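One-letter residues, chain by chain:
Protein chains: 4
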Amino acid sequence: MSNLRIAVVGCGYWGQNLLRNFCELEEAEVVLVCDFDSRALGRAKRRYPAIEVTQSYSEVLADPRVDAVVLATPVSTHYPFAKQALQADKHVLVEKPLAQSTAQVLDLIELAESKGKILMVDHTFLYTGAVRRMKAMVDSGEIGQLLYFDSVRISLGLVQSDINVLWDLAPHDLSIMDYLFEREPISISATGVKHLNTPHENIAYVTVQFEGNLIAHFHVNWLAPVKVRRTLVGGSKKMVVYDDTENSEKIKVYDKGVIQTQDPERREKMLTGYRNGDMLAPQLDTGEALRLMAREFVASINEKRAPLSDGYAGYRVVRLLEAAQRSIEQNGRMISLRDEHFSTSAILNTSNVAAAD
Amino acid sequence: MSNLRIAVVGCGYWGQNLLRNFCELEEAEVVLVCDFDSRALGRAKRRYPAIEVTQSYSEVLADPRVDAVVLATPVSTHYPFAKQALQADKHVLVEKPLAQSTAQVLDLIELAESKGKILMVDHTFLYTGAVRRMKAMVDSGEIGQLLYFDSVRISLGLVQSDINVLWDLAPHDLSIMDYLFEREPISISATGVKHLNTPHENIAYVTVQFEGNLIAHFHVNWLAPVKVRRTLVGGSKKMVVYDDTENSEKIKVYDKGVIQTQDPERREKMLTGYRNGDMLAPQLDTGEALRLMAREFVASINEKRAPLSDGYAGYRVVRLLEAAQRSIEQNGRMISLRDEHFSTSAILNTSNVAAAD
Amino acid sequence: MSNLRIAVVGCGYWGQNLLRNFCELEEAEVVLVCDFDSRALGRAKRRYPAIEVTQSYSEVLADPRVDAVVLATPVSTHYPFAKQALQADKHVLVEKPLAQSTAQVLDLIELAESKGKILMVDHTFLYTGAVRRMKAMVDSGEIGQLLYFDSVRISLGLVQSDINVLWDLAPHDLSIMDYLFEREPISISATGVKHLNTPHENIAYVTVQFEGNLIAHFHVNWLAPVKVRRTLVGGSKKMVVYDDTENSEKIKVYDKGVIQTQDPERREKMLTGYRNGDMLAPQLDTGEALRLMAREFVASINEKRAPLSDGYAGYRVVRLLEAAQRSIEQNGRMISLRDEHFSTSAILNTSNVAAAD
Amino acid sequence: MSNLRIAVVGCGYWGQNLLRNFCELEEAEVVLVCDFDSRALGRAKRRYPAIEVTQSYSEVLADPRVDAVVLATPVSTHYPFAKQALQADKHVLVEKPLAQSTAQVLDLIELAESKGKILMVDHTFLYTGAVRRMKAMVDSGEIGQLLYFDSVRISLGLVQSDINVLWDLAPHDLSIMDYLFEREPISISATGVKHLNTPHENIAYVTVQFEGNLIAHFHVNWLAPVKVRRTLVGGSKKMVVYDDTENSEKIKVYDKGVIQTQDPERREKMLTGYRNGDMLAPQLDTGEALRLMAREFVASINEKRAPLSDGYAGYRVVRLLEAAQRSIEQNGRMISLRDEHFSTSAILNTSNVAAAD
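Chains as they are written, first to last, in our numbering: chain H, 4 to 360; chain U, 4 to 360; chain P, 4 to 360; chain F, 4 to 360.
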């Protein structure tokens, strides 16, 4: 089997990371790099002098050497660029979020299936050692009955001009939750605020409800003075704190869950104490998630199967973003997710179907 | 002026702390300790052998030596006990929340005013060095225009049987926000969940809206494996992280606010960086907040003036709790705070009026 | 058996803690508190109105009610005060270090034995959940072969006037090491510096050598801007980090020891990684160490047996302090501990002999 | 001026970092990469397909295109390889430590001067934002009179086979101290231990004495379960904690120094408190130190001047390593640094003399 030939489109902050990872992958070859900004191309050229560069996306599409296109372009271009790539019979890997609406995503899914091409979204966190470890704990029942998911992803005060903080940061956490839970959410509500004359929300809070009192909550914020990336996953047996800014203890597993006690001495101890039960910080696979993600893209093409973060995973995340956005615009009204035109359970099932060729 | 003579009612976890602080106050004298539980009284007696104890609240009310009553009893008793104390012509300090409804609070305020007695609520955090420092920063304009308040108060998994997590933990953060902002909230929404067959919510998220895109958000949780007490206060000039579990750096002040830049290099630096600008962790007054609070109670009585956390402060917090509870029961519906029967601006104004004697 | 009647002598910072703990002990009764400073007595009186106070140590010694004396007085008084107490047929608990020289300690040990009284030193840390947990790990072999002990105890810049930093802070860590290792040290060397015209060393580094390449190192420092209390215990199977300033994870146990690898990929991973293997932070007993220590004093008297931190434990620590001080005065010369006039192995053995009555 | 043409020799962990940085430098060009290991060359080739590679160092020396050689090879090769490079009229940058003895270093310095070539050592930390900030604080007098330097650099248990932990880790901290202090040390002593049948020391403690009670202490350790990189710099006015594992607050500056108080209340507060005075964590330049270091090498060549970390800096560090090693072998005997054959003050002075051309 000859190496998969790839074009990386978009060479900004994330595009450079993708470029580096695909360049270092033995089973793939980057044949073309595309960016509208000649300085970005110059920087890529300096790092990889052997690589061919272009400012024209049409050239990428027309190049018969290119088997697959990797899109790290602004969100508004995801849909048209991915569509053109599929139409040109290329496999496509798209930066998150996969597109700007569920309608767009469904269109891409359908096109990919009809063309027999792989459509994948870069939900990078699914490929981290930390998230994979949590997934194993949920799947094995170690964590017990799921009670809640709470994530805080707040950052340095970098206000973006094209999208709001919800569409920028929440896809990470929504994709992690979707992966861990594999449950159908029943409703969503969200609040967002714009500050300082910016056109887009820079703080948002999102709540997702599931059957059985399971709840998920998300706090995304561009106006925070410190970087926090912390997720709590509460189960009836164990609870996990996932702190992505930690160097050596990203995952802490607490081995006691909830305590219901009326014993006053025990209560007092708990009120003044800091925790109960042992805590285990397991050694995690520290391999770069992006490399695993890149490898999954290549493998899914070679093995003619759906990748872990396929178009349906992208759909489920965009569906939540879309509904959350609607809720924000309606002052936090709870949006039902039951009567959507595309049944999630269908999506969850098809997820395992291999892409045709 | 002779010492103020105090009865401490309720000798559980918090009552013991109040007892110790009032005992060590030079300007007051604890003459009586009351609890229904004889073991609690035994424990108090062992620590303070000279103190008189009783299991009868009526005895406290009837004791002519008692000038003031300090209530650290279950929330459901706050209103009847405080009312009886005022009727018996005693000053009253009540554990937070002041009562279980705004109607109850208003009744107590009116009674205290007609009796010329002090009604105070123990909003302990207002008396910490950390909160007082933040208040000074807000008042002086150092922090700039207020953008948001975000607090997380999550704990060890101790499920209480009498009230839910909202009424148990949120009063702390609501009182801090009320103190720092001195603004009239316009609406509130909240979500809460019950788990594990408990009758009360053990996780709740609350959002409060103010004019001018100012937002406050609260996460309270009894089912967390770790203790987190972290508040962010975002301003246009500075931002503060207040971490109450920190030993030595409870308050961190970041001296740059939001940055809106299109410069790609600057953007990349920020995306990969952890913060901007210097951070100052000011030395704080580390005196015990509870002692300051106890002192304020005694001083307000002696000086015939409203204490910092007076009945109106208690009202403003209970009003938010009450509305948040209503929102939880209506699936997160936004509750307007504008058309309340008791105008908040009136409350804000009367706050500075001295109690008559 | 009637309660043991205790006199607490010295009511400074630590004396107050001892007083509180003995007061709350059911099996003992504090009948007398002694301090030269009338303000200290006033403060004790305010907290424990029922307690008798005196400024005269002779009165304590002469009081027939007093079974045992607890000394929390300046180090220079430990020897004379303890000697007088034993001569007056009282049991004695002495703040660390037990005395200022091994000669003094041996004199006290001999006197206590001849009088059939308990002589105990307050090596508080032996009674913490953290140290007891480490002891269990060492004794059970879980930690493997002991490789090193490294402790850092540095503080806030409080320069004391009576003793140097070595005699002030190192007793804590030396007693912990002595307890964990139960080995005979073969030599010691130390360096100390005086700054800012102070008469005593305010920074010291101490190295203790044992057979088999086992090493212990101590850093004590009064001139540090931050409080650090961190001990590493390295074993061939596991390693422990004990951070006493941590609220909830005082003990972290790392389950992989040393790795000797030539595999370049493995090496690179380790160079850039932060650790190997899982880490466990066991739930510790969070009871107050001082209470356990107080209880041990009372129990050893009642049960006519040597307490855990008996005179010999005090001797072993003072012997190291004395030799370290000599090394400091000789520019760090290594001092042999083999040819001491009092054989340590004898001491280690007698440690388990019950005190006669 | 045409670009400087560079050969990178040694493509292990650190060599790859150097390669990347020199490749991305606009003012230089990497024309050749050399390693004995063909897999290392393959990896370099995959990343930089345009680069020429060779397994022969002679080829590097003979290549007339090569202006300068960057050595990231095992320590034992530093001296012979650097000497050959200088003899072949190339400038040389050598990984730390510059060589294995002062005799070797002096030989290289002399050769470089006679050839008019730059000899530089990669003391990377001098080029970090953190160390440069500390240097500015020392130089401006902000820190006051220097009292002590204390560093802990302990790691993951990776035992190396060619050198001991002293020569591996201590050069970093010795070079930082040398840079900050610019003082002539008067003596040094060190203790080291070998464990687990390894031929080299894997734990070492080093103490360096200066005039005026200034002291420096170093703890280097390969057997630690956690990565610690923490340096304290104590001054009479301010104290600095430099924690290189911190993401966002590498440098913390405490604005109060030592306190000498007899006031008992103040003392008690300090005993129970965590620090005094405000703490400032200044925003640091987060640019990659290695890039600045690479730039300094190129600039020193172009500007015909001594680089910041020149041969004399390398000499001062190797001199301390050599004396510390001697002390370890003599059981911690204090080694005087006064009567060395090469006067340090001469070295300090010549440091500013530009290299001839």
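Bear in mind the hints are in silico, worked out from the structure with no lab data behind them. Keep in mind that the hints are not guaranteed to be accurate.
Since the list gives no way to pick one copy over another, a pair counts as held whenever it fits inside one copy or between any two copies.
What the hints assert, rightly or not - With a straight-line cut-off of 27 angstroms between C-alpha atoms, the simulated DSSO-like cross-links for lysine-lysine are:
(1) Lys118 <-> Lys230
(2) Lys240 <-> Lys307
(3) Lys48 <-> Lys307
(4) Lys230 <-> Lys307
(5) Lys307 <-> Lys86
(6) Lys230 <-> Lys138
(7) Lys138 <-> Lys86
(8) Lys197 <-> Lys241
(9) Lys240 <-> Lys138
(10) Lys86 <-> Lys197
(11) Lys230 <-> Lys240
Remember, it's a predicted structure, so these values are computed and weren't measured experimentally.
At most 27 angstroms between CA atoms: does that hold for Lys138 and Lys86 within a copy, between copies, both, or neither? Intra 32 angstroms, inter 54 angstroms, cutoff 27 angstroms: neither.
For Lys118 and Lys230, with the copy left unspecified, which applies at a CA distance of at most 27 angstroms: within, between, both, or neither? Neither: 42 angstroms inside a chain and 51 angstroms across chains, both beyond 27 angstroms.
Identical-chain pair category, Lys230 with Lys138, by Cα at 27 angstroms: both (24 angstroms within a copy, 24 angstroms between copies)
Identical-chain pair category, Lys240 with Lys307, by Cα at 27 angstroms: neither (39 angstroms within a copy, 46 angstroms between copies)
If the cutoff is 27 angstroms on CA atoms, where do Lys86 and Lys197 land: within, between, both or neither? Let me know, please. Cα proximity of Lys86 and Lys197: none, with 32 angstroms in one copy and 45 angstroms across.
Between the shortest in-copy and the shortest cross-copy C-alpha distance, which are at most 27 angstroms for Lys240 and Lys138: within, between, both, or neither? Answer is within; shortest intra-copy Cα gap is 15 angstroms, inter-copy 30 angstroms.
Checking Lys307 and Lys86: alpha-carbon separation at most 27 angstroms within a copy, between copies, both or neither? within (20 angstroms within a copy, 57 angstroms between copies)
Copy assignment of Lys48 with Lys307, given that the CA separation must stay at most 27 angstroms: Neither, since 32 angstroms and 31 angstroms both go past 27 angstroms.
Go through the copies and call it for Lys230 and Lys307: within, between, both or neither, with a Cα cutoff of 27 angstroms. Neither, since 39 angstroms and 43 angstroms both go past 27 angstroms.
At 27 angstroms max between alpha carbons, let me know whether Lys230 reaches Lys240 within a copy, between copies, both or neither. Between copies only: 18 angstroms across chains, 30 angstroms inside a chain, cut-off 27 angstroms.
At most 27 angstroms between CA atoms: does that hold for Lys197 and Lys241 within a copy, between copies, both, or neither? between (37 angstroms within a copy, 18 angstroms between copies)
When held up to the earlier numbered hints, the structure conflicts with 1, 2, 3, 4, 7, 10 and fits the remainder.
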